[in-house]
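K.L.:
Sequence:
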Amino acid sequence: MEQQLDMEMMTPLMEEAGGEENSDEESAGEQQSHGITFTQTLLHLLKGNIGTGLLGLPLALRNAGILLGPVCLLLMGVVCVHCMHILVNCSHQLSERVKKSPLSYSETVAVGMETSSSHCLRRGANFGRELSNMAPLCAAANLAMAASLALIYTYILTDIGDPRRLPYVSTWNKFPFFFGTAIFAFEGIGVVLPVENQMREPKRFSCALDVSMGIVIVLYITLATLGYLHFGDEIKGSITLNLPHDTWSNLLVKVLYSFGVFVTFAVQFFVAAEIVVPAVCEHVSERWRRHTDLCTRALLTCITCAVAVLVPRLDLVISFVGAVSSSALALIFPPLVELIACSTRPSALLFLKDLSIALIGFLGFLTGTYVTVGEILYPSP
1 MEQQLDMEMM
11 TPLMEEAGGE
21 ENSDEESAGE
31 QQSHGITFTQ
41 TLLHLLKGNI
51 GTGLLGLPLA
61 LRNAGILLGP
71 VCLLLMGVVC
81 VHCMHILVNC
91 SHQLSERVKK
101 SPLSYSETVA
111 VGMETSSSHC
121 LRRGANFGRE
131 LSNMAPLCAA
141 ANLAMAASLA
151 LIYTYILTDI
161 GDPRRLPYVS
171 TWNKFPFFFG
181 TAIFAFEGIG
191 VVLPVENQMR
201 EPKRFSCALD
211 VSMGIVIVLY
221 ITLATLGYLH
231 FGDEIKGSIT
241 LNLPHDTWSN
251 LLVKVLYSFG
261 VFVTFAVQFF
271 VAAEIVVPAV
281 CEHVSERWRR
291 HTDLCTRALL
301 TCITCAVAVL
311 VPRLDLVISF
321 VGAVSSSALA
331 LIFPPLVELI
341 ACSTRPSALL
351 FLKDLSIALI
361 GFLGFLTGTY
371 VTVGEILYPS
381 P
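Quick note on numbering: full-length UniProt numbering labels position 235 of the sequence shown as 235, and the sequence is numbered without any gaps.
Treat the hints as calculated values from the structure; they're not laboratory data.
Because the structure is a prediction, the values reported are computed rather than measured.
It cannot be assumed that every hint is accurate.
The list that follows gives simulated cross-link-like pairs (lysine to aspartate or glutamate, DMTMM-like), each with its CA atoms no further than 25 Å apart [said to hold, decoys possible]:
no., residue 1, residue 2
1, K100, E201
2, K203, E96
3, K99, E201
4, K99, E274
5, K100, E282
6, K174, E375
7, K236, D162
8, K236, D159
9, K236, E375
10, K100, E274
11, K236, D246
12, K254, D233
13, K353, D210
14, K353, E107
15, K254, E234
16, K203, E107
17, K174, E234
18, K174, D233
19, K254, D159
20, K174, D162
I would like the entire structure built from these sequences, with the hints used as guidance.
P.N.:
Structure representation (structure tokens):
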């Protein structure tokens, strides 16, 4: 009976895959010859992970401590990279299982549930356009941000404070703020599958991911530590707010960083657009579909900008978003997908590892949401 139910749940997926097998092979072949290169993949992964979250990490370090903060950033980075590899591997396994490729993040989770041995998971499962065109903008943005970060490093290295004057470990009620901000910065897992699916040589993606995330982790730890050492407890929600306005170099930092965020917003917005835009466009006629697509993207961009302008404590919003959504995307879903996607019973070690990662993400979600909402509603003096 269980095998019959499995076949009933799998039949729609297999039929859809069988009907589109030829087109999938043709598109895969076309993607192999016209996909993005290894260098372009590096640029996309770097830009997808280096954004405004980086500038808030020095403040996050204040909420963890000068000793505990860098250690936790390193551990969090290693775990997040591991979860990225888990997501890519599960996507490949599930793609072969249902004979359909490539799979997005949401499709990977959905197919994992639909093909799971659990009856409850099967019953509960419901299911910028081309990244290659964005590669030149990513290259320009990475150069601008590299110059901006070089200027920031030059300024903060002129006066490194004594680490003994700073707390090695912060109080327990401040650590959830650190978790929310840090996991927000590591939320680049959303662009992993879109980039990997459009890569010309997918077999080299693991190398590209490790190289790019290694650079990202080093940047995160060094900027957070040096920024906190330089400004101490006076550090603000974004390190650019601490820079004096009387020199051209500090003004150039903001111009370059703003330029980098502006020209590559489509890369970081890629996943959100892929989810929202099709859902809106399916309700309009073909004649107005392109206009609706562009208007929806413009509206979402304006909403994002309005939130950044109108919210007085953006650091709390970043911590809240990180605790609520980033913890789920980066830490909770990938290990759970690996468990439910296993064709055989997972080993005790694999089960313990994945369950531990998911529990860490869930605890971060609960505590981060609680303390951040409390600070927003009842700000401390």
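K.L.:
Next step is simple, just say for each hint if it's right about the structure.
P.N.:
Hints versus structure:
This hinted pair checks out: K100 and E201 have alpha carbons roughly 18 Å apart, not beyond 25 Å. Taken as a hint, the K203 and E96 pair is honoured in the structure, with Cα atoms around 15 Å apart against an allowance of 25 Å. The straight-line distance between the Cα atoms of K99 and E201 is roughly 20 Å, inside the 25 Å bound, and the hint therefore holds. For the suggested pair K99 and E274, the alpha carbons sit about 22 Å apart, so the restraint of at most 25 Å is met.
Using a Cα cut-off of 25 Å, the hinted pair K100 and E282 holds, with the two alpha carbons roughly 23 Å apart. With a C-alpha separation of about 11 Å, the suggested pair K174 and E375 falls inside the 25 Å cut-off, and the hint holds. Pair hint K236 plus D162 holds up; C-alpha atoms about 19 Å apart against a cutoff of 25 Å. Of the supplied pair hints, the one linking K236 and D159 holds, its CA atoms being roughly 17 Å apart against a limit of 25 Å.
As the CA atoms of K236 and E375 are separated by approximately 16 Å, the hinted pair is consistent with the 25 Å bound. Between K100 and E274, the direct Cα distance comes to roughly 18 Å. Compliance with the 25 Å bound is thereby established for this hinted pair. For the hint pairing K236 with D246, the CA-to-CA distance comes to about 18 Å; that is within 25 Å, so the pair holds. Between the alpha carbons of K254 and D233 the distance comes to roughly 22 Å, so the proposed pair stays at or under 25 Å and holds.
At most 25 Å may separate the alpha-carbon atoms for a hinted pair to count; K353 and D210 meet this at roughly 20 Å. With a C-alpha separation of about 24 Å, the suggested pair K353 and E107 falls inside the 25 Å cut-off, and the hint holds. Between K254 and E234, the direct Cα distance comes to roughly 19 Å. Compliance with the 25 Å bound is thereby established for this hinted pair. For the hint linking K203 to E107, the alpha-carbon distance of about 21 Å falls within 25 Å, and the restraint holds.
Under the criterion of a C-alpha separation no larger than 25 Å, the hint pairing K174 with E234 is consistent with the structure, at around 16 Å. Distance check on the hinted pair: K174 and D233 sit about 13 Å apart at the alpha-carbon level, within 25 Å; holds. The hinted pair formed by K254 and D159 meets the criterion: a straight-line CA distance of about 21 Å does not exceed 25 Å. Taking the CA atoms of K174 and D162, the gap is about 22 Å. The hint holds against a cut of 25 Å.
In summary, this structure violates none of the numbered hints.
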